[in-house]
Amino acid sequence: MAEKPLCKLLYVAQIDENGTLPSTPNNMRENMSNWIEASTTDGVNNEDVLRFDYGGKTFAIFRSPDDKFYATDGLCTHEKVHLCDGLVMGHIIECPKHNGRFDYTTGKAQGAPCILNLRTYAVKIEAHKVLINLE
Amino acid sequence: MKHVIIIGGGMAAARACINLRSHDFQGEITLISEEQHLPYDRPPLSKASLIAEDEPQPIWLLEPDIVKSLQVDAHLGVAVCKIDRIAKQVILADDSELPYGKLLIATGAKPRSLGPHVLTLRDYRDALELRKRFKLGQKIVIVGGGFIGLELASSASKLGCKVTVIEAQQRILLRGVPERIAKIIHDRHVAASVELLLSTVIEAITANAVKLQDGREIEADTIIAGIGASPEVRLAQEAGLVIDNGIACNEYMQTSDPDIYAAGDCCSFIHTQFDGRRVRLEAWRSAQEQSATAIANMLGETKAHSAVPWFWSDQYELGLQITGFADMGPVTVERHLSEQALILFHLAADGRVLGASGIGPGNSIARDIKLAEMMIAKSLKPSMQALVDPSVPLKSLLRG
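Taken in order, these protein sequences are the chains called A and B.
First residue of the first sequence? That's 7 in the numbering used here, and the numbers climb one at a time after it.
First residue of the second sequence? That's 1466 in the numbering used here, and the numbers climb one at a time after it.
Watch out, some of these pointers could steer you wrong.
Claimed, not checked - Cross-link-like lysine-lysine pairs, in silico, DSS-like; alpha carbons within 25 Å at most:
#1 B:1547 - B:1512
#2 B:1843 - A:86
#3 B:1512 - B:1627
#4 A:114 - B:1533
#5 A:74 - B:1860
#6 A:86 - B:1512
What the hints assert, rightly or not - From the derived model, a few chain A residues whose C-beta atoms are all more than 10 Å from chain B:
#7 39
#8 46
#9 70
#10 87
#11 88
#12 92
#13 100
#14 102
#15 103
#16 111
#17 118
#18 128
#19 132
#20 134
Stated by the list, open to error - Which residues of chain B face chain A? A few of them, derived with a C-beta cut under 7 Å, are:
#21 1627
#22 1753
#23 1826
#24 1828
#25 1832
Think of the hints as simulated: they come from the structure by calculation, not from any bench.
Glycine included, C-beta positions come from ideal geometry on N, C-alpha and C.
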């Protein structure tokens, strides 16, 4: 089982055309990250999905066949249906309503009827807890 | 081939444009639709579009900027008068003549009518008309206990209308839905105070009443027919194409003219997955899949249509999903996912899964129906004991 962040967020220094730093210094960014416990590692079955609600939003936590964890927005981009009722096959989640598909590792929509990609979130595992970064 | 013309403005037509370009077709694409709008999604018209508080906008299947990026020349609000197969051109109502290399007919189906006093639902304008009428206390009479009629009954009932459904058969959803599941839907309508009149024959329909053969008269502010749809075959028929419960296609979605293909509600085709049965499927996802098959073959592939049929219906909080052909399997086994969620597997005599029908709150049966669809596609023969036991994950049967 992976014990380190699987999709690390990279904070690349961005200096605008005038040479000034962005309003939030990059060295502050790490403090702004918002790691939330979404589940225990045992809480999500292999090749399956779990719904996680937090702060008025809903997320989907995925465990891939090779035991890696991923997180995306919880609602299909087509008609806002909870993806947690859908079937996970390999790296694909299929929406339970109209069979739209996404690669949950990248959020990419995989064809009809979905056009918009799913937002993804960084995930890390610490002490058998699945943490997602809601920054 | 330089020019593909698509006649129609629904799901099959929209997907054809996308599929042509995703196959790197470089030629011209012309889409001709009688509707004023670009292709939009029809399933919400009987549900969300009626219930939404604000006037709903069409949900585009091809947004204007996508049409532009796909370089589709869309002729909207114009009818095709004729397909001239000798000259390989279509003639429009404005007398323009457009030559084609290949043609896709995706003209859909039109609801059967019950005369001037009775509304039907097919397009966005129809939905707007029904919205105006689905008001608190209005008496809505729906003729036909099929999917459209029952979804409209559910929407009208949610909006506080007094709803009566008249069905000539002895039960609702006689075509394609097992009795066990139809009964659950029936009871849910009754619980919502929808009056269901079964085995009921209509004598006459006036502007504000439906007269029954038994002498009763049902008062109505609005009367709607949901008694099925006829495939829109006129152009194909006049062009001399073979018609057989729709425009007759082979397993490649090709009509009797090798340069003309058809997809969606307007056509029937040979389904290779089901012993070469000729089927016509009025279903949203199937229209996508048929269109994909038609375009692949139009562009030179040899791809028989094999996608397992699937459709859904939403009524109240209940979600129904059916995959394969529920009527083909002589053996039925039941899997209870919970007190409210149920799946029926329809098996052939040799144990092959041919269909599955599920009903439950929300999307509770979606996963298992999807897995059933995969079993059907693979012609699997899972053990009946495993199918009825909800503690055995269906996924494990798929792998075994």
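Status of each hint after checking the structure:
1. B:1547 - B:1512: violated, 35 Å
2. B:1843 - A:86: Violated - the C-alpha atoms of residue 86 (chain A) and residue 1843 (chain B) are around 31 Å apart, more than 25 Å.
3. B:1512 - B:1627: holds, 17 Å
4. A:114 - B:1533: holds, 22 Å
5. A:74 - B:1860: Holds, because 19 Å separates the two Cα atoms, which is no more than 25 Å.
6. A:86 - B:1512: Holds, at roughly 15 Å.
7. 39: Given that every Cβ of chain B is farther than 10 Å from that of residue 39 (chain A), nearest at about 33 Å, it holds.
8. 46: holds, 20 Å
9. 70: Holds: least Cβ distance 14 Å, greater than 10 Å.
10. 87: violated, 7 Å
11. 88: The claim is violated: residue 88 (chain A) sits with its nearest Cβ about 7 Å from chain B, within 10 Å.
12. 92: violated, 7 Å
13. 100: Non-interface label on residue 100 (chain A) violated, nearest chain B Cβ at 6 Å vs cutoff 10 Å.
14. 102: violated, 3 Å
15. 103: Violated, because the least Cβ-Cβ distance between residue 103 (chain A) and chain B comes to about 6 Å, which does not exceed 10 Å.
16. 111: holds, 19 Å
17. 118: Non-interface label on residue 118 (chain A) violated, nearest chain B Cβ at 5 Å vs cutoff 10 Å.
18. 128: Fine: 27 Å to the nearest Cβ keeps residue 128 (chain A) off the interface.
19. 132: holds, 29 Å
20. 134: Non-interface label on residue 134 (chain A) holds, nearest chain B Cβ at 23 Å vs cutoff 10 Å.
21. 1627: violated, 30 Å
22. 1753: holds, 5 Å
23. 1826: With a minimum Cβ separation of about 10 Å from chain A (threshold 7 Å), the hint on residue 1826 (chain B) is violated.
24. 1828: holds, 4 Å
25. 1832: holds, 5 Å
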